[in-house]
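Chemist: For reference, the chains in residue letters:
Protein chains: 2
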Amino acid sequence: MGQQVHQHTLPNGLVLLAERMDHVRSVAVNFLIPAGSAFDPDGQFGIATVLAEMLTRGAGDRDSRELSLALDNLGVDRSESAGIVNMRLGGSALARNLLPLLDIYADIILKPRLPEEELEPVQALSIQDIESLEDSPQGKVMVELHRRYYPAPLNKDRRGRSEDIEGLTIDAVRAHYQKFVRPNKAIIAVAGNIEWGALKARIEKLFGAWEPGNVPDVVPQSHQPKSEHLFKDSAQTQIAFAYPSVPIGHADYFAARAAEGVLSGGMSARLFTEVREKRGLCYSVGVRHESFRDRGSMIGYAGTGPDRAQETLDVTLSELRKLKAGVTVDEIDRVKAGLKSSLIMAEESTGARASSIAGDWYFLGRVRSFDEIQGAIDALTPAAVMAHLERHPVRDVALVTLGKNPLTISA
Amino acid sequence: MGQQVHQHTLPNGLVLLAERMDHVRSVAVNFLIPAGSAFDPDGQFGIATVLAEMLTRGAGDRDSRELSLALDNLGVDRSESAGIVNMRLGGSALARNLLPLLDIYADIILKPRLPEEELEPVQALSIQDIESLEDSPQGKVMVELHRRYYPAPLNKDRRGRSEDIEGLTIDAVRAHYQKFVRPNKAIIAVAGNIEWGALKARIEKLFGAWEPGNVPDVVPQSHQPKSEHLFKDSAQTQIAFAYPSVPIGHADYFAARAAEGVLSGGMSARLFTEVREKRGLCYSVGVRHESFRDRGSMIGYAGTGPDRAQETLDVTLSELRKLKAGVTVDEIDRVKAGLKSSLIMAEESTGARASSIAGDWYFLGRVRSFDEIQGAIDALTPAAVMAHLERHPVRDVALVTLGKNPLTISA
Numbered sequence: 001m002g003q004q005v006h007q008h009t010l011p012n013g014l015v016l017l018a019e020r021m022d023h024v025r026s027v028a029v030n031f032l033i034p035a036g037s038a039f040d041p042d043g044q045f046g047i048a049t050v051l052a053e054m055l056t057r058g059a060g061d062r063d064s065r066e067l068s069l070a071l072d073n074l075g076v077d078r079s080e081s082a083g084i085v086n087m088r089l090g091g092s093a094l095a096r097n098l099l100p101l102l103d104i105y106a107d108i109i110l111k112p113r114l115p116e117e118e119l120e121p122v123q124a125l126s127i128q129d130i131e132s133l134e135d136s137p138q139g140k141v142m143v144e145l146h147r148r149y150y151p152a153p154l155n156k157d158r159r160g161r162s163e164d165i166e167g168l169t170i171d172a173v174r175a176h177y178q179k180f181v182r183p184n185k186a187i188i189a190v191a192g193n194i195e196w197g198a199l200k201a202r203i204e205k206l207f208g209a210w211e212p213g214n215v216p217d218v219v220p221q222s223h224q225p226k227s228e229h230l231f232k233d234s235a236q237t238q239i240a241f242a243y244p245s246v247p248i249g250h251a252d253y254f255a256a257r258a259a260e261g262v263l264s265g266g267m268s269a270r271l272f273t274e275v276r277e278k279r280g281l282c283y284s285v286g287v288r289h290e291s292f293r294d295r296g297s298m299i300g301y302a303g304t305g306p307d308r309a310q311e312t313l314d315v316t317l318s319e320l321r322k323l324k325a326g327v328t329v330d331e332i333d334r335v336k337a338g339l340k341s342s343l344i345m346a347e348e349s350t351g352a353r354a355s356s357i358a359g360d361w362y363f364l365g366r367v368r369s370f371d372e373i374q375g376a377i378d379a380l381t382p383a384a385v386m387a388h389l390e391r392h393p394v395r396d397v398a399l400v401t402l403g404k405n406p407l408t409i410s411a
Numbered sequence: 001m002g003q004q005v006h007q008h009t010l011p012n013g014l015v016l017l018a019e020r021m022d023h024v025r026s027v028a029v030n031f032l033i034p035a036g037s038a039f040d041p042d043g044q045f046g047i048a049t050v051l052a053e054m055l056t057r058g059a060g061d062r063d064s065r066e067l068s069l070a071l072d073n074l075g076v077d078r079s080e081s082a083g084i085v086n087m088r089l090g091g092s093a094l095a096r097n098l099l100p101l102l103d104i105y106a107d108i109i110l111k112p113r114l115p116e117e118e119l120e121p122v123q124a125l126s127i128q129d130i131e132s133l134e135d136s137p138q139g140k141v142m143v144e145l146h147r148r149y150y151p152a153p154l155n156k157d158r159r160g161r162s163e164d165i166e167g168l169t170i171d172a173v174r175a176h177y178q179k180f181v182r183p184n185k186a187i188i189a190v191a192g193n194i195e196w197g198a199l200k201a202r203i204e205k206l207f208g209a210w211e212p213g214n215v216p217d218v219v220p221q222s223h224q225p226k227s228e229h230l231f232k233d234s235a236q237t238q239i240a241f242a243y244p245s246v247p248i249g250h251a252d253y254f255a256a257r258a259a260e261g262v263l264s265g266g267m268s269a270r271l272f273t274e275v276r277e278k279r280g281l282c283y284s285v286g287v288r289h290e291s292f293r294d295r296g297s298m299i300g301y302a303g304t305g306p307d308r309a310q311e312t313l314d315v316t317l318s319e320l321r322k323l324k325a326g327v328t329v330d331e332i333d334r335v336k337a338g339l340k341s342s343l344i345m346a347e348e349s350t351g352a353r354a355s356s357i358a359g360d361w362y363f364l365g366r367v368r369s370f371d372e373i374q375g376a377i378d379a380l381t382p383a384a385v386m387a388h389l390e391r392h393p394v395r396d397v398a399l400v401t402l403g404k405n406p407l408t409i410s411a
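Chains Y and P are the protein sequences, given in the same order. So for the first sequence, full-length UniProt numbering puts the first residue at 1; every next one is plus one. So for the second sequence, full-length UniProt numbering puts the first residue at 1; every next one is plus one.
Pulled out of the complex, with its shape left as it was, chain Y reads as follows (with noise of 0.2 Å):
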C-alpha cells in the first residue's frame, strides 16, 4: 500500500496532517494541544486535567448531556487527558462521520462552555483519581520515579495535587484555557478513509477563526536525578529506575531503541529472560524508551515480593551493566524483525498511525515515511549499538523502590 500523508499549516499556525488509507472504514482523529500539566501554573498542580474534563462538559450550543449524546450518536470512541506537554483530545468512528465529529470537537475547542456548576464533580473526580494512586503501587511507583527523575516541570503528574484542584475557581480554569488552547503550535492528525480536499476545506472553515496566542515553551530546570525508597505496607516491593537515553530524532534512537529491544524486546530478551523465565523472580520485568524532545530515557520497572525483590533489583542492575560488554548478531537481528513487526502491523490501525503521524510532527516536524524507519532499522548493526552504547553508556541510575524494606544497590 503506497503511502498518502497530506500537510496543510492553517496562517494561525494549527498543523493538520492525514493520511489516507483505503482499504478501511474508520477514522481516527487526533489533536494535540501543548497545555500538558507541565504548564500547571505553581499552586495549581492539576489544572490541565480538570480543564481536559470540562472541556466536554458543554460547548457551543450543547451542554453536558447534548454534548456527550451527540458524540455517542456518531458512535465516537473518544478520550481526553492531559499528558506532560500536550492535552490530548479525540477518538475513533466511521469515517463517514468525520466532518459531523469535526464540527463538534470545534465546538469543545474553540466554544467550551467551561460551566461553573460542573467544576465540583469535576475536582470530586480528580481528587479521587489522585486518591486511588495510593491503591495501585505499580502506578505510584511510576509517578515517584518520574517525580524525582525528570527535571521540572517534566517530573509533573497529570493527576496533580488535591489541594491545589479543591482550591481552582472557575476563573482560574476559564483563564487557563484562554492562554493555553492556542492553535499556533497545535496538531490535528487524522488517519483513515478521508478525501484530503473535504477534510482540508472543513478543518479551514472551522479552526480558520481560531486566535493564535503567545504559547509558552516547556523550559526544564537544571537538575539531579535521585533515587530513594519509599515505605508502603504492600504485598509486592516495587522497582522502577531510569537513565538518560537520546530522544527521538536524535541520530542514535534506533541504535538506543535497538538497545532497549536486546534488554527487554520479546521473551528471549536479556531481562525477561535472566529475571522471569530462569528465576521466576517477577512477573513483569522491562525497560521502555520514552521521549520528551530534548531528551529520551530508558523508564525500566519490576514488582516481587519481598524475599525476591533485592534479587530481582541485583540481576537486572547487572544485565544493564553488561550491556557494555557487547551485543551479538543474533539479539541485533531478532530486535530488528520484533521492531519491523510492529511497524507493519501499526499500519493497519487508523488509531496507531493518527498517533504516529501526530507524533512524528510534534517531535521532528515532519512526517517520517515506512521507508525511512524501515531503512533505519534494516541499517543497525552490533556495531553500531555498541557505538550509541559508548557514546551512551548505561549511567546515573535512578532508582524508586516501594515496599516494605529498603534494597541495597550493589557495587
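Just so you know, not all the hints are guaranteed correct.
Identical copies carry no separate label here, and so any pair may be met within one copy or between two of them.
When the alpha-carbon atoms are kept at most 20 Å apart in a straight line, the in silico DMTMM-like pairs for lysine to aspartate or glutamate are as follows [as the list claims (entries may be wrong)]:
hint	residue 1	residue 2
1	Lys179	Asp42
2	Lys278	Asp63
3	Lys140	Asp129
4	Lys278	Glu166
5	Lys232	Glu131
By construction, these hints were calculated from the structure, which means they are not laboratory data.
Following the hints, complete the assembly by docking chain P onto the known chain Y.
Modeler: Just chain P now, kept in the frame of chain Y:
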C-alpha cells in the same frame, strides 16, 4: 469488503477457521483448547495456568530459550493464558511468517517438553501473580465477586491457590497436559492475509495426527450467589456486582447488549451520567456483559473513596432498578450507533477478527456474518429491549465490596 470465512474440521475433531482480509499484511492466530481453569482438579487449583506457561518452556527440537528466540525471530507478539473454560495461545505476526509460526505452535501444542527444571521458576511466577493481586484492589474485588457469584467450577480464578501450586509435581503437570490438551473440542482461528489452501494443508499436516481424548464438559453445580463485604485497609472502596442475563446465541442476546448499552455504553449512558458526570462520585463505573455457553451475566464495577462509596452504590442500584420503567428511542438509537461503530472498527483488526470467529464457533458452532450481526442491531427497538427486561428483569444482584467499611443495600 466481502467477508471470506473458511472452515474445516479435521478427522480428530480440531476445527480450523480462517478469515481472509485482503488489505492487511499481518495475521493473527488464536488457539482455543478446552483446558481452562474450570478443569483444575481439587488440590491442583492453578495447574492450567502453570501448564500454559510450561508449554512454551521448550518443545520439539528446541529448549525454552531456543523456542523464545524462534518466535521472537519471526516478530511474533504472543501470549499464553488459561481462561475459565479455554486455554488460549497465539499471537500476531506478518502474514508471510504464518506457516513457520504454525510449525512452532504445532511443537508447543503437540510436543512440549514440560521439563522438570522449569517447573520451579514457573511455580514461583504463579505464586507471585497471586500475591500481586493483594496490591490490586480492583482486580481483587472482581476475583472475589466471581468466586461468590458463579457456581463451581465457573467461579475458579485462573491464578489458583498458592498451596496447590507449591505442591504440583512435573508428573501432575504432564498428566494434566495428556488429559486436556486434545483436539476434539479445540479451535484454531486465523485472520489476516492468508491463502486458505496452503493454510489448510499445513494445519492438516501439522495437527492431523493429534490424538483425540475424552475431554470432559464443564458442568456447573447448583449454586446460590452470595453478597459479602471484605475488609481491606485500602484508600478506596471497591464495589463489584453481578446479575443474570442471557448468553451469546440466546434470542434475547442483542436486547441484553442494548440494556448494557443503555446503562453503560458511551459517555451519555445512564450510569456514567448519574455517577460520574453529575456527581463526580468515581472515575470509572459501568456494567459489561459476560457470557458462558449456558448463561450470560452483567458484571458491574465502581471504585471510589470511602466517604462516597455508599452514595455511589445507592445511585448505581437505583439506576439498575429504574431500567424496568422504560428506555427511550433516543437511547436505543445511541446504543445502536455505538454497537455498529464498534462492529465495523473491529472488522479492521486481525486480532479482533481471529478472536471473534473463534468465539462464535465456541459459543454457536458457526461464524456469524457481519450482515447477520448488523441486522440484529438494526432490529433493536425500545419495545424489544423492554420485552427482554420483562423476561429477564434486573434481580438477584450479588454484591461484593472491598474496603474499610461495609455498605448497606437500600430497600
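Chemist: So, for every hint listed, does it hold in this structure?
Modeler: Evaluated hints:
Only within a single protomer do lysine 179 and aspartate 42 lie at most 20 Å apart by alpha-carbon distance; the minimum there is 15 Å, versus 64 Å between protomers. Proximity of lysine 278 and aspartate 63 under a CA criterion of 20 Å is satisfied inter-copy only: 12 Å between copies versus 57 Å inside one chain copy. Taking identical chains as interchangeable, the C-alpha atoms of lysine 140 and aspartate 129 lie at most 20 Å apart whether they share a chain (12 Å) or sit on different chains (19 Å). In the homo-oligomer, the alpha carbons of lysine 278 and glutamate 166 lie at most 20 Å apart only across protomers (17 Å), although the nearest pairing inside one protomer, at 49 Å, exceeds that limit.
In the homo-oligomer, the alpha carbons of lysine 232 and glutamate 131 lie at most 20 Å apart both inside one protomer (15 Å) and across protomers (15 Å), since each shortest distance falls under that limit.
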